[in-house]
Amino acid sequence: MKIYVDQTRCQGHSRCYMLAPDLFEIDDYGQSTEKINVHLPSELEEDARLAAENCPEFAIVIIE
Amino acid sequence: MSNNIIMDGNYLNIDWANDFDILNSAYIEDPFSIWETLREECPIAHTDRRKSSWLPVDYDVVTKIAHDINHFSSSEILVIPIMDGEPNPAQPILPYGVPPISADPPLHTWTRRLLLPWFSHKSVERYRSMTTELCNNLIDKIIESKHPDGARDFAQQIPVRVIATMLGVPTDMTDTFTSWVRDFLEFADDRERRLNGARGIFTFLIEEIENRKSSPKNDLISELLSSEFNGKKLDSSLVLGMSILVLVAGIDTTWSAIGSSLYHLATNHNDLERLVAEPELMDLAVEEFLRAYSPVTMARVVTEDIEIKGCPMKKGDKVLMNFPAANRDPKVFSDADKVVIDRKINRHVAFGSGIHRCAGSNLARMELNVSLREWIKRIPRFKLAEGGVVTWAGGQVRGPRELPLEII
Ligand code: HEM
Ligand code: SF4
Chain U
0 MKIYVDQTRC QGHSRCYMLA PDLFEIDDYG QSTEKINVHL PSELEEDARL AAENCPEFAI
60 VIIE
Chain P
0 MSNNIIMDGN YLNIDWANDF DILNSAYIED PFSIWETLRE ECPIAHTDRR KSSWLPVDYD
60 VVTKIAHDIN HFSSSEILVI PIMDGEPNPA QPILPYGVPP ISADPPLHTW TRRLLLPWFS
120 HKSVERYRSM TTELCNNLID KIIESKHPDG ARDFAQQIPV RVIATMLGVP TDMTDTFTSW
180 VRDFLEFADD RERRLNGARG IFTFLIEEIE NRKSSPKNDL ISELLSSEFN GKKLDSSLVL
240 GMSILVLVAG IDTTWSAIGS SLYHLATNHN DLERLVAEPE LMDLAVEEFL RAYSPVTMAR
300 VVTEDIEIKG CPMKKGDKVL MNFPAANRDP KVFSDADKVV IDRKINRHVA FGSGIHRCAG
360 SNLARMELNV SLREWIKRIP RFKLAEGGVV TWAGGQVRGP RELPLEII
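For the record, the sequence lines run as chains U and P.
Going by numbering that gives the first Met the number 0, 30 is the number at position 31 of the first sequence; the sequence numbering is gapless.
Going by numbering that gives the first Met the number 0, 87 is the number at position 88 of the second sequence; the sequence numbering is gapless.
Hints in this document: simulated from the structure, not taken from any laboratory.
Don't take every hint at face value.
Over 12 Å on every C-beta distance to chain U, these chain P residues come out as not near it, computed from the model [to be verified]: (1) E40; (2) K50; (3) N267; (4) E286; (5) I307.
Simulated pairs of lysine-lysine, PhoX-like, Cα-Cα distance not exceeding 25 Å [claimed, not checked]: (6) P/K343 x U/K1; (7) P/K121 x U/K34; (8) P/K212 x P/K231; (9) P/K376 x P/K343; (10) P/K50 x P/K314; (11) U/K34 x P/K376.
Virtual Cβ for every residue (Gly too), placed ideally from N, Cα, C.
Could you put together the complete structure from these sequences and hints?
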C-alpha cells in the first residue's frame, strides 16, 4: 500500500496527523503531507486507512 | 428558560420544511428530531422569515455548498444579520469585514495565511500548561461550591482567557469580553443588545491597536500590525477586523463545545465511567462530542441563481451552513443519533469544510481535551443537579448556558 495527500484537497483539519503521526506531517499552515512515499510497512496500513476514512476533505489517497 | 430563547408557542404549529425558524425554542433545545423529520420530508428547508433562506440538513449538500465558493459567498456569514436591508453601520469602520471568515478569495487566502501559524499544532502547545492550570483553579472553586454550574463556572471561563493571552489583551477583562461576545452572537432578535456588544468589542480593540502602534508587544495584534502584504503594511481597519474575528470566533464556540461535552457526561453515566477508566479514549471522545453536539452554524449568500437538489436558490438568498445537521446524517454516520465515544470513523465537519475550515481547530481541540481530562480526573462522578434546569443558547452557536451540576 502507498498513500499520498492530495494537496489540492487538504484543508488542514489535522485528523490524519492526530490518528497517525507516523504517517503525516503538518506544516505551519496546517497543510498535511505523507511522511513515507514508498510502500508502507504492513503494520502501518491500518493507520493509513483510518486516517483516510476520517479526513473530512477526502484528501488522503490510498493506492493498494 | 433563559430569556434569550424566544418562546413562540407550540413548535408543532411550525411548518419546518416551508417556514423553518431556527430561533424557535424547540429548535434550540432539540434540533435533532426536527432534522430527522426534515430528512424524510424535504432535506433543504426554506423560509421567507427575515429573508429568503435555505436550511440543508444533509452532509453531501452542506459540504458541496461549502466548496462551491463561486455560487456561495461568505460576505454574509451571520445567521441572523443585525440590520437586514439597512446599510451596515460597521461598513466605514470595517471596509474589509472580518477576514478571513467574511471574505472570499483573494482576500480570504492571504489573511488566513497570516493567522494560521498562530494556531498550528506547535503554537497551540504553548498554551497547554496555562490551560491546565486555569482548569485546575476553576475546579478548585467548583469542588467547594454548593451549586456548581458547569457552563458558567467552568466552560465559559476557559477559552476567553486563552484567546486574551494570545491577543495580548488584559485577562482580567474576560467577563467583559464574554458579555460582549454573548450580546453580539446570542441575542439574535435584540438589535440594540447586539449593537452594544459589537460597539464594546470595536472600541476596546481600536484602542489596543493604537497602543501597539507606538509600543509593539509580543502578541498577535502586534504581529498583524507589522505584517506586510505585497510590500505594504496592513491597513489598521484590516487588523481590527481580524482581531475582532479572533476574539469572537474562539469564545462562544469553544465554550459551547466544552459545555455540551460536560452535559453529555452528566447525563450519560456509562460514558463518564468509561472515560474515567480509559482516559486514553479522550481524543476520540472529543471528536465524537464535536460531531454530535456541533456548536456552529454559519451562513452564505447566493451570488448567482443555482438549483441544488431541485431547490431553486436565487441570487441574494441566504443558505445556513448546517454543519451540526450534516454531522448527524445517517447516510454518512452509522447510529448517527447515538453518541459513541470511541467512534472509529468520524468524518465530521464541526469545524466546517473547504477553504474556511476553522483556523482555530487545533486550539479548540487542545482546550477541549485539557478541560475534560482535568475535570474527570478531579470530578470523576457528577450528574445534573436535582431540580436544576439546563438552558441552551442557539442560532449561530449552540451550547448550554446554565448547567447546574451535583458532584457525587
Ligand atoms: C469547538 C470550537 C469551535 C468550533 C466548533 C468552530 C467552528 C468553526 C467553523 C464551522 C468555521 C467555518 C466557518 C465557515 O465555513 O463560514 C470556523 C471558522 C473559523 N474559526 Fe472556528 N470554531 C471553534 C473554535 C475556534 C477558535 C478557538 C478559534 C480561535 C480564535 C477559531 C477561529 C476561527 C477562524 C479565524 C475562522 C475563519 C477561518 C476562515 O474563514 O478561513 N475558532 N470555525
Ligand atoms: S485530515 Fe485531511 S484535510 Fe485534514 S490535514 Fe489531514 S489530509 Fe489534510
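So, going through the hints one by one against the coordinates:
Distance check on P/E40: its Cβ is at least 27 Å (rounded) from any Cβ of chain U, clearing the 12 Å threshold; non-interface status holds. Residue-level check passed: P/K50 sits 29 Å from the nearest beta carbon of chain U, beyond 12 Å. The Cβ of P/N267 lies farther than 12 Å from every Cβ of chain U, with a closest approach of about 23 Å, so its non-interface assignment holds. For P/E286, the requirement that its beta carbon stay farther than 12 Å from each beta carbon of chain U is not met, with the minimum near 8 Å.
With a minimum CB-CB distance of about 20 Å to chain U, P/I307 clears the 12 Å threshold, and the non-interface call stands. With a C-alpha separation of about 21 Å, the suggested pairing of P/K343 with U/K1 holds against the 25 Å cut-off. Under the criterion of a C-alpha separation no larger than 25 Å, the hint pairing P/K121 with U/K34 is consistent with the structure, at around 18 Å. As the CA atoms of P/K212 and P/K231 are separated by approximately 16 Å, the hinted pair is consistent with the 25 Å bound.
Annotation: proposed proximity of P/K376 to P/K343 holds, straight-line Cα distance about 24 Å (limit 25 Å). A distance of roughly 12 Å separates the Cα atoms of P/K50 and P/K314; the hinted pair therefore holds under the 25 Å criterion. Our distance criterion of 25 Å between C-alpha atoms is broken by U/K34 and P/K376, whose separation comes to about 35 Å.
The structure is inconsistent with the numbered hints 4 and 11, although it conforms to all the rest.
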